[in-house]
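Protein chains in written order, with our numbering: chain A, 3 to 376; chain B, 3 to 376; chain C, 77 to 452; chain D, 77 to 452.
If you are wondering where the hints come from, they were derived from the structure by calculation, not from laboratory data. Bear in mind the structure is a predicted one, so any value in this text is a computation, not a measurement. Treat the hints loosely; a few may be bogus.
Said to hold, decoys possible - Mimicking SDA-like on lysine to any residue, the simulated pairs with C-alpha atoms at most 25 Å apart in a straight line are:
| no. | chain 1 | residue 1 | chain 2 | residue 2 |
| --- | --- | --- | --- | --- |
| 1 | B | K371 | B | V144 |
| 2 | A | K278 | B | S117 |
| 3 | B | K371 | A | H114 |
| 4 | B | K280 | C | N97 |
Each chain is listed here by its residues.
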Amino acid sequence: MSINLQGIINLGEREEYIRELTMNRPLATVPFAGRYRLIDFMLSNMVNSGIDSISLIVKNKFHSLNDHIGPGKDWDLDRKTGGLRMLYPDLEPDSNLISIGDIPIVRSNLAHFASLKKDHILLTRSNYIGNIDFRPAYEEHVKKGNDITVLTRRIRQGRMRIDLLGMDIIQKRNGTYSIGRNLGNQNNFDLSIEMFLMKKSVFLRIVHETIEEGVEPYLKKAIISRLSDYKVDTYTVDVDILPIHSIQQYYNASLTILDPIYAQYLFYKNGKIYTKVKDAPSTLYATGSEVNNSLIANGCVIEGTVENSIIFRDVHIGRGAVVRNSIVFQDTQISSRANMNYCIIDKFVHIGSGKVLMGDGGLPYVISKGASIR
Amino acid sequence: MSINLQGIINLGEREEYIRELTMNRPLATVPFAGRYRLIDFMLSNMVNSGIDSISLIVKNKFHSLNDHIGPGKDWDLDRKTGGLRMLYPDLEPDSNLISIGDIPIVRSNLAHFASLKKDHILLTRSNYIGNIDFRPAYEEHVKKGNDITVLTRRIRQGRMRIDLLGMDIIQKRNGTYSIGRNLGNQNNFDLSIEMFLMKKSVFLRIVHETIEEGVEPYLKKAIISRLSDYKVDTYTVDVDILPIHSIQQYYNASLTILDPIYAQYLFYKNGKIYTKVKDAPSTLYATGSEVNNSLIANGCVIEGTVENSIIFRDVHIGRGAVVRNSIVFQDTQISSRANMNYCIIDKFVHIGSGKVLMGDGGLPYVISKGASIR
Amino acid sequence: MIHSKVVAMILAGGQGSRLKNLTRKTAKPAVHFGGKYRIIDFTLSNCANSGIHSVGILTQYQPLALNTHIGTGVPWDLDRKGGGVEILPPYMSTEGGRWYAGTANAIFENIDYIDLHQPEYVLILSGDHIYKMDYRKMVAFHQKTKADVTVSVIEVPWEEASRFGILNTKDDDVIYEFDEKPANPKNNLASMGIYVFNWKLLRRYLREDHKNKESTHDFGSDIIPEILRQGHRMMAYRFSGYWRDVGTVDSYWEAHMDLLDPNNELRLYDDEWKIFTKNLDVPPHYISDAGHVENSLLNEGCEVYGTVKNSILSTSSVVEEGAVVTDSILLPYARVGKGAVLKKTIVLSHHKVQEDEVLGDGETITLAGAYDMGIL
Amino acid sequence: MIHSKVVAMILAGGQGSRLKNLTRKTAKPAVHFGGKYRIIDFTLSNCANSGIHSVGILTQYQPLALNTHIGTGVPWDLDRKGGGVEILPPYMSTEGGRWYAGTANAIFENIDYIDLHQPEYVLILSGDHIYKMDYRKMVAFHQKTKADVTVSVIEVPWEEASRFGILNTKDDDVIYEFDEKPANPKNNLASMGIYVFNWKLLRRYLREDHKNKESTHDFGSDIIPEILRQGHRMMAYRFSGYWRDVGTVDSYWEAHMDLLDPNNELRLYDDEWKIFTKNLDVPPHYISDAGHVENSLLNEGCEVYGTVKNSILSTSSVVEEGAVVTDSILLPYARVGKGAVLKKTIVLSHHKVQEDEVLGDGETITLAGAYDMGIL
């Protein structure tokens, strides 16, 4: 039975550190884990937690998102009531537009938010990857009667972790919470993972106040700046979550899922991860192929060598080709005797015979969509 | 079995003569005929003609359109391949935007047009109401090998018809067609009803050329200005079609459907008209009600008098109230002893007891959405 | 996909032969009701409004109209990935084919289907009744009272109690006895044929019942008494509100007349608990200059050129000029020819009453039409 | 809604007992095939790719796996308003319940369903075969040759012709005689059990056949010969390409081995004619450091820690460390324990081969697992 909780995924995300993969697509539809897009994880987590009504705050590059989500059937969100709704910035020819931030998109859709049937909302982003059951957090949020519950991850020995620099940390002082940036000075701290459970009435009030004031253009900052006005608490999420804000985080997260124990958690723990169906046939391993410690999607033909890599659907790896420590997106062709190491190769790329491409584990070499290297 | 024809409905329509009903919605979702929106007719005509892949060129006021269409189930367009696709203007934060016209929307979606699987397209608008079978026109278009087939209506004794002033007329001179404006000087002429059958390759070529030239912002004009470059012919549509560009045309078209013979044609001739389901119960006629020559939707409670009117779903007409020559949109309340004549009353309006509102048949009185007259 | 805590099983296999020509070619749950619905719409909409997303429908008799009506389940938002509504007819196995032998047997034969969803509770429903009920409240009651089985009951007048299956209860609504049509009723709480079972318990009793050669494999006659005999905790959940089994032509007609009372308990105008049904994609109804309608319900696609009083006109039914329709029910696509006069008549769907035909004496109910295919 | 010119009826009621444990608990059309499909996916995908939107599936034997697999028809884009895919099991009428008595009887009992769509042609298909075919071309041939009936045929080697139903034709492919398993074949055109009928004609013959007490109510034995006897125009439509009836364990295994040939005629990698199936929402497959795979097909959710040669691993099957799988087929969710050695073995779905178990002699085919529920 469904839950009294409306999902809102805010895609007004910063993309400047992952620009290589977000030229033609929003961060939400960056391919991940061999057959998924980033947003699949958050959508599936919500659906598996019983949330059957989800709104997406959409900023730009609509085409990729529409293409991926379609009528929402793959997530069982093609519903008569509730289901998936995309909230676009609504532009009047006579207004002065493309204002900065996501608040203008929220403003364009105030009628939608006001009409929501649920009493609580879960506001998240698409770029935190995990397999999360939101129900325990929701139950505690309701039981405690919180206005806002901030979901957090507890970090120990965090001073060494450069991957956490610049992320949101939450602290309690004199009874009120504040959220700021991690500059690497603290060792033990709580990370805010940009997931907020809120009473719908509180969400609407914050949104209305922010629009009336007309200063703050970002929804997240609007909430953070008002934490002291409300009954706020935190909830510590106890499962692994991979934040993806940069190309390095993306690359590291990808290699993390080559660990079968991590994969078991990510793909199955609280429910499956749903994505757009492609109807790809089996993957054919030719005699002479050699594949180790790799995740391979359907529809591929593997004739060469693959190691520590992730291969998406409908990729062809030719005879004698070698792919190591790399990520190859769908419909790409790696011709015979080509040799790749530490590369991220986007969709519809053609790598010619014998070509050698070497990136670095710290800064992988990204080959952009549709490129042809002959 | 499906047809080799892609539907494209261009919603980049001029709304200046029907502004009263298009404040909160595009022309496409203006309510019509008791339970429909204007676009339902074109969508249903296409579906009933075997077209299973339809793109909508969407300019603004997305919310109303998304709300009405949802995943597209009501038109059987929630398909895995094909189905309904909305083409939005795609705005980059760093581009200078909201350019005039519909060509920028087309430009944002060039990848979509290029990926269409069909060889021919049918380009139309949402504001010509009829029950049209496009198959005979399509078959002739293919048989003759036309690049462009312009659908027309033959007008006789047209000099008297002020309702046709300003509409597109098509003429052939020296072997080439030209389309211009009807200024009322001709008596017998062919009206272009803004429906074009085109080879997809021709459509793409015109679009590409227009974007490269960078001058013409309107798709229709781009096509018209290139008619002489292609093999063009006309096809005369032999069913009644109601164009709706102005509030007068809207009002007259509404009264036209009170003719049972016309209604029989419009709602059944080549297939049914589909719309968003509202699950309204039966309409209750109380003792003492008196209804004549009217079209009444489900979910109403009628206690008063209704004459020559169209009443949408979930309207309540109180005891002793009189509604004549009027159109009442859904969820509106006409209280007891109120008296309406020549009015168009939008959604969620409350008319208080005993209130009297009198418009004129030439310029009906429009009461805007949500108004309360007490 | 989430496993559902509750799976609903709707018994929809019955013929309902006392509805005469209405059910000659279609199962009772598919019979048209209330101007735009079919009987099963009430139970299906109750499931949808109660947030139950896994619904099995047990069919057996003339299911085509029912299948076509339910389709993929879109009207009830039950076209679900890995769940939704599923039609469950009898089937063959290596032991040969078996028709459903009773209500309990129908569930027994579909144990595999229920197990697929790994439910905690199974809700057994009938597709034959007209009512609105929030099953969530009944399940919550079942949980709160720590019952093994909960039976929904309705108070009936004492003098009618002997026509029902009566549940005898202690003060705290614990059931200690089931009395089928008792000559001397000890109680006036009638079973509505709606049960919540802990699935593990029910599965065990279904298996035992299947082996029992003497059993008629019926919930009321066999399963409930046996579970009581074994001393399990069975609670009575009291329902109050509109509830009708429209099992005869008379009760079918009366339930329609109930709808003409604007204050009727069924409250079809309540937006918070809509009754969903398949949409027929027809325009609003039309009343002509000569048409006259009073104290009646009309629906989409109707056309009235004559006079209609105290009647229900179902979707796309037509009353031609000069015809007078009183105290009657027109089923979908029925047509009353010019000058015909109808009193207390039910016109079956797609049937045409001839010009100037006179039907009904105003006393007993007349059925016009040889049979109703139930297909629109 | 548009009425469909063509309605397809898929016969899917057969048990297929020669497939032994594969079909003990599920109907043959629901048997897993080719690593990620079920047998019926080929016929259903052919319908979808041929633009046929009205498809009836006649079921009778153990239909739960088939029902769950087909659901609302989403994978084939057959979740259509007023059409799409419909499951048609046997049912009861006022004359009582009747199981389908033969292929023709199954269609006879569903005349009402077909009439609903008012088709011009009915396409009779089998849910048992592995092939790709554009039915549009066959219907176009049927129209062009002004046939009353068209039968799809495939050339078989003359020496095998006596194992098939052979259609004897004149030079212009007009059929004049049907020869079931002829001792001395006059032709080598075998019927594929795929028919296009003008619906009005077929309906007439189905009704006559129903009255005929001597008939076995089968298309091949009764309907086709009778239509020929009455002198109607029956055409042979020649199909060439991959076509297999995987009716025995041997032919089932061989058809899988065919898929390992990269140039196999079935061309599953062809994007223009995809075979659709229900998606199981599992991640890509994983091959560990120690894993080794050669000349094999793998699917989503598989995990390989051992060695796999010349084999097909279906969705979510697992080969643990040290295990060696050769010339074998693992059905979905099958698991091969550490150190086990398999040769020419078919492991049923959800079955676990124990650690160090040795199965298969490399000569005959071994089936591992008592039965396959067919439900994933």
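Do the hints match the structure? See the list:
Between K371 of chain B and V144 of chain B, the direct Cα distance comes to roughly 45 Å. Violation of the 25 Å bound is thereby established for this hinted pair. For the proposed pair K278 of chain A and S117 of chain B, the alpha carbon gap of about 18 Å is at most 25 Å, so the pair holds. Distance restraint check for K371 of chain B and H114 of chain A: the Cα-Cα separation of roughly 17 Å lies within the 25 Å cut-off, and the hinted pair is therefore satisfied. Pair hint K280 of chain B plus N97 of chain C does not hold up; C-alpha atoms about 32 Å apart against a cutoff of 25 Å.
Figure legend: structure checked against the earlier numbered hints; hints not met, in rising order: 1, 4.
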